[in-house]
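Undergrad: Residue-level listing of the chains:
Protein chains: 2
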Amino acid sequence: MRFSKFFLLACAAFAGVCGTALADDSTLAPRQVPAKTVPVPTDVSPEMQKLIAAPLNPAWNVLWKTGEEWRAAANVRAAQVDKTIPAMLERLHVTMHAETMNGVRVFVLTPDDIPPEHRDKVLIHVHGGCYELYPGESGTTEGIIMAGLGHYKVISVDYRMPPEAYFPAALDDVLTVYKDVLKTTDSKNVAVFGTSAGGALVLETMLRAKQEGLRLPGAIAPGTPMSDVTKTGDSFYTNEKVDNVLVSPNGFCHAATVVYAHGHDLKDPLLSPVYGDMHDFPPTILTTGTRDLLLSNTVRVHRKLREAGVEAQLEVFEGLSHAQYQVDDRIPETKEAFGEITEFFDKHLGH
Amino acid sequence: MRFSKFFLLACAAFAGVCGTALADDSTLAPRQVPAKTVPVPTDVSPEMQKLIAAPLNPAWNVLWKTGEEWRAAANVRAAQVDKTIPAMLERLHVTMHAETMNGVRVFVLTPDDIPPEHRDKVLIHVHGGCYELYPGESGTTEGIIMAGLGHYKVISVDYRMPPEAYFPAALDDVLTVYKDVLKTTDSKNVAVFGTSAGGALVLETMLRAKQEGLRLPGAIAPGTPMSDVTKTGDSFYTNEKVDNVLVSPNGFCHAATVVYAHGHDLKDPLLSPVYGDMHDFPPTILTTGTRDLLLSNTVRVHRKLREAGVEAQLEVFEGLSHAQYQVDDRIPETKEAFGEITEFFDKHLGH
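Which chain is which? The protein sequence lines are A and B, in order. Note that our numbering gives residue 94 to position 94 of the first sequence, counting from 1, and the numbers run on in steps of one. So our numbering is basically just the index in the second sequence, starting at one, shifted up by 351.
Extracted from the complex, chain A is given alone in its bound form:
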């Protein structure tokens, strides 16, 4: 009895040389995971504990079907965020001004202190929000964090969103800004970064830049990218209702993306860039968290880049749900995440 029990244990732990515990070809049965209580981790900062302990996003299953509905809600939210931006700019010693680049709306974010070695360099920021949220100034917060903590000039793209325009308008706008920046700045002195839909747009921009034969930037930082919007990716399921931001693969973010896609095939690499060809991509740093619904879709991009021979660095933060490393510049983990991105850009830009 004791040994047969151990035999089972050992087989499961070492199935490759044992086999009896392996699933049969014909029965790749799903895992039934019982209900459980997951404590707030003690090995993160007190500030991050509060974010982690927040209840599930109570409106995770808002499933609007039109660009007009999304925009109305996005405007309400944007007005709230906009109010917080002056204090944020002051705290991080960054100034902001709006302009257009070849017709595309942008915000230029300039830190008070730009060290000499950063003065010929430009970062392009692509905000997140499921291709529907954070229009205007409200989309600049991550850009302000990067400018303030990293001491780089940042151009944050206020790309068109529904109902103003649909796929591939957001991508077109980011590419337009990138091309405009290349007129005055060597591509090796440019980095492109962003989180969530912004992370996906960073990757999509590289795919399009390759198609168009453009020089690629010196580095990119796609954070927890929406790299696969077909609901493929194991953490969509393992972290369902563990991630308190996105909560579920069947929630608001998928619904918003479907509205942006406007009938286009969701598996197109320009919507699900994990299916694109990543050879010759620039050095890439990726950031996610262990509770992130998009943990899998971050690590899949990392593996795909590595398989393509690209220098790619993966950062996974303990206990964090989707994009929580960039919600508050005052949290230690935020400083750490943007410290890593800064170090990566410092290393790779300019050569």
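List of simulated lysine to aspartate or glutamate pairs, EDC-like, C-alpha gap at most 16 angstroms:
hint : chain 1 : residue 1 : chain 2 : residue 2
1    : B       : Lys504    : B       : Glu450
2    : A       : Lys267    : B       : Asp394
3    : B       : Lys504    : B       : Asp697
4    : B       : Lys539    : B       : Asp471
5    : A       : Lys267    : A       : Asp277
6    : A       : Lys335    : A       : Glu47
7    : A       : Lys347    : B       : Glu662
8    : A       : Lys335    : B       : Glu658
9    : A       : Lys188    : A       : Glu117
10   : B       : Lys504    : B       : Asp537
11   : B       : Lys539    : B       : Asp697
12   : B       : Lys582    : A       : Asp43
13   : B       : Lys698    : A       : Glu311
14   : A       : Lys231    : A       : Asp268
15   : A       : Lys121    : A       : Asp186
16   : A       : Lys153    : A       : Asp346
17   : B       : Lys686    : A       : Glu307
18   : B       : Lys618    : A       : Asp43
19   : A       : Lys231    : B       : Asp394
20   : B       : Lys561    : B       : Asp631
21   : A       : Lys188    : A       : Asp120
22   : B       : Lys686    : B       : Glu398
23   : A       : Lys65     : A       : Glu164
24   : B       : Lys561    : B       : Asp628
Quick caveat, the hints were computed from the structure, so don't treat them as lab data. Bear in mind that the values here come from a model prediction, so they are computed numbers and not experimental data.
Got chain A sorted already, so can you dock chain B onto it with the hints?
TA: Structure of chain B alone, referenced to chain A:
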């Protein structure tokens, strides 16, 4: 109604500049995660799908309390594994012979083909098994994979385990072998690697080597290290009953570790190396999977190394439970994982 719903959504998604969805200081409530069905991921190799689809280790809650019980079971399991080794050696073109180094039992694993640039280099392998399992030849399988796929000479340490000896005997034995290797090989030409308890022992060996003022190796590869045996680490809970190998923080592996610790404080960095000082550690590559019970305890080591200014590379494989990247040399993900480790050693050894 619509806007208040969206307000909640936006707050949760952007709590840092909103605040209303944040947990109160006094109530860091745990997350109640409902029961769910997690499908086998489609974005891994068919061979890996079979490992992922295997049912939970049916003996995960074996909780023996003595070294004698563990060893009796380990011997039964070892006899099974030993039978598979000749075919594995043949398949990977590796020869094995047993010897002792300053009294410590080792297996020397020599690939038929060692390229010129590897001939002055040595890898030290530290096997896993919760400090209790895989005595003798049965502990060499990961070493054989590394020797065969990486084309390096590997010395696999058959360290003492209960009831032969208890903490810190395993660590003493690895350190003895390391010191013995240093007599003939420059430390910069040595790497130390291993998985699970082996990964922890790699880290513990670095802490001890620093204490003793030894030169450190050129690189290390602790795979999914048991870096915290105090049940701290968020994925102990988020991946409970998702990981089909270890299954639970309250399962066999913790019980086995307690027997090895033999009353010693589990938070001692020589048992929970995440609490050690990692400054001046050599370049480190870490490997884990998204379903790994020790995902958190791998990424925590990664972050701690990065905070200490150490070059550290993290690899996270889609859908894999604990240590599944090293159970079968014929699986594509295994080749990829050891390909990464080989590339890392190639880059860092020798200088």
